[in-house]
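Line by line, the protein sequences give chains A and B. In terms of the UniProt record's numbering, the first sequence opens at residue 1 and continues consecutively. In terms of the UniProt record's numbering, the second sequence opens at residue 1 and continues consecutively.
Listed below are the simulated SDA-like cross-link pairs for lysine to any residue, each with C-alpha atoms no more than 25 Å apart in a straight line:
(1) A:88 to B:429
(2) A:28 to B:431
(3) A:82 to A:14
None of these hints come from the bench; they were simulated from the model.
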Amino acid sequence: MARSTGKDAQALFHSLRSAYAATPTTLKIIDLYVGFAVFTALIQVVYMAIVGSFPFNSFLSGVLSCVGTAVLAVCLRIQVNKDNKEFKDLPPERAFADFVLCNLVLHLVIMNFLG
Amino acid sequence: MAKLLLYLTLATSLIPLFSVAFSPENPTDRRVLVLVDDFAIKSSHSLYFGSLTSRGFQLEFKLADDPNIGLQRYGQYLYDALVLFCPSVERFGGSIDVASIVDFVDSGHDLIVAADSNASDLIREVATECGVDFDEDPAAMVIDHINYAVSNFDGDHTLIASDDFIKADVILGSKKIEAPVLFQGIGHSLNPANSLVLKVLSASSSAYSANPKSKLSNPPSLTGSAISLVSVVQARNNARILITGSLSMFSNRFFRSGVQKAGSSIKHEKSGNEQFLTEISKWVFHERGHLKAVNVRHHKVGESDEPAIYRINDDLEYSVEIYEWSGTSWEPYVSDDVQVQFYMMSPYVLKTLSTDQKGHYSAEFKVPDVYGVFQFKVEYQRLGYTSLSLSKQIPVRPYRHNEYERFLPAAYPYYGSAFSMMAGFFIFTIVHLYSK
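So here's chain B without its partners, still in its complex pose (with noise of 0.2 Å):
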């Protein structure tokens, strides 16, 4: 029986390490929940969740409401990503609510949030959190009267056919999306103040945010392009968020639709839904854009240890390798634009790293003519990709006093003098004591 309890024990004991999730030798989302309105939109949008399955991810569906849901359990995160699929949820159940979704986010995990019109004021209040605001009027949807989508279902012109993406290859694969992708719902606009939040698809110059049932009597509040349709958030923390007005846009029946945009003559067969979701749901579960930087190294040029201190006037080599990761493994990085800093207080150095094209970078430059604490920096912040912040503490000392250099050619003369004076005393000694 003891042996029995102890091989349970054992096994019980094993069980996290072969589960597979988030860290930072990995950074993948693996374990995702779900939030739904109702089971129906897992049959419905079951494109989309077959997308992020046949990835590898472990999707959780439950009800918004459902009493026993929690994002953790004895101070442990259940799961590395929250996709609230539930637009009209007037209270989650269980132990979810707007400050434990921040603070799920505030520790580093990742969220997607669909609104739709009509959304309930507690996916208003976590979208607000993230720095988006949605139209406030509940029955407010985003028209567009001149880039909707030709369709036989829609009058008011609410489908909205749009291809103003962000020009970022990271966020959105290096694909191009050829069809315009369909929306229908909510707009939203972007906080001014949060300087992290990202427009990814925004509308047009000539859409509006009205209610397209009662009659346009005040101007809308939200008009052109500053209405954004599908916003990312990436934090200080590299935790990322996808907010969006449109559930229906993740549908298979706007997955599988046919597109065209009024005015244009191309007919595109499959909408650009599924590739736009596909990728930039990619670039949020961190399987892209994601970067680490390992061998961190400086040494005088010619060797190969790395000092505790360097003199003034050194000549050094600084390395550092990065890699990004691609969902399975880690590809090497490539890029010409890594910097970095010789600091102190302000940087003494700013150099470009060159790059092997193998993940190495490397520079060479001159230890400043100055002493004291400085630090190797590398301050890497570019769109989409999360933000490396190395630092390194070197200190830099002056010239021993044996190091410089002595008997200088150009201070002869100088020495000259001195000793001139020396002998001048000596002669002078001897002339004013015997001279009577």
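Next comes chain A alone, as it looks inside the complex (with noise of 0.2 Å):
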């Protein structure tokens, strides 16, 4: 069993990568996004931790906007998934539209905290 380990990780990996690819690509380009964002936020605190929170307000909205963009980001690939049934009676223009909508009022705050 336990010799077995290193076989069974790596067969889960494969399992996983090659179920990922038969993604759409559309959501495959949210997840990148996604990523994107969350890499800036880490960046920002691992910044912060070095050089402290002076600027505090900057820092938050910093911070803010990257983890508010990967939110918006994940909430609209739930929604323009063709597999997710639950909201298979949206349309995905509907879905894009409210995420272009939050991420203009999450900007205007951002840019009004930033100092």
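Combine the two chains into a complex, taking the hints into account.
Structure, rendered in structure tokens:
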């Protein structure tokens, strides 16, 4: 059992990759976008840990813009996913319009708070 | 006739302007009422009264039971100070009673009370109102078998030579009193609940209060240095009171008498009474230790105008001038312990003011990083000095929205991330729309 752990993990990884390869390109783009936002947020947290929290409002708005972007993108991904039966009545155009509107509001707030 | 009447009215209305009296600008008492048991005291205590008149006091002598005496007329006090040299009076004449004396002190006037053995209940009551209690035994006197004054007329050791003075130059003058003070009379104790009363001359630890004529059967109620011979009070309104259990210590006989303490080989030609009582009456009548604060100013460092409001973290400078009344003029008061508080519920800043030795005190400090309504406070209470209590209100505001620093280099990564998120959103939108 213990010997086969490495092989199992490899097998799991392979099955995940092959399953993900079947994902539509639209969703893959959204995943990339989310990854970019989360990565930027992490960089800022590390930066804050190094230089200190002095312009705290700037830090908050910087991190929250990333987190907000990621959250909105995830919401969009849930709504435009064809496999998701919950939103099958919702047209993807409507989901995208919601996404754009929310992003505008988010960035307006962020610009106000950036200082 | 009408013209004459006019002149007369004008003249009488000007009289108050010429008469000198106690005022904030000129705080020495001028008009003193002296109540005596009989007018013999006027001559037997003439040295003391002479020292007062030579310093410009107008003494008015009245018998204590004179039916025409009164402290005030039409709501105005006629005197600035009251001297009670009437230890045996049972009832004051006129409108004076204990309550009116207390009112007199409560309105900021000064009082000297001299009791004696066999002091009347009335005088004891006045003393009790002032925070001291005379020995209840009417025949009691202070006796000291060790620190008595050697004399040829006293065998029962009630004539005490005391030199246990309070250590306060402001009360007793800067010149040291060399000779002991002669005292013969009744002792008193201070009311422990009264924090304003001070022992100026206390008995030695070997003294006790008892009837010298009878045998001591019970332990005396007052013993040792708990017995006060001379006490002073400075009330919260800066009225000053002197209380002593000996009228004879003011007398010419004690002023002139030489003094030799038992067991000491030094014989002083003259007792310390004259110096002691002169100095202490200077204090009581506000010729010393009376402070005033003027020109309270504050401004931002580098400016001279007084702002109506400060901003947090402003640097400001606070200054005040303090003068002491010397009896004739205001002299600069020099001390290194005057402090200013920047106060809102509790002092946020407490700073010692530095002085230029000419009465000008100043301090620079930074307004704390807290906004609200503050006060500049100077609470200066020192033994023997009148208390100074200044407060000036000043609001402190936070930064205005455009006073904050902007475009800080340290915040550039955050700005960058916010804008990159916007750019990312834009690019993502295009990619999402056109990738099918």
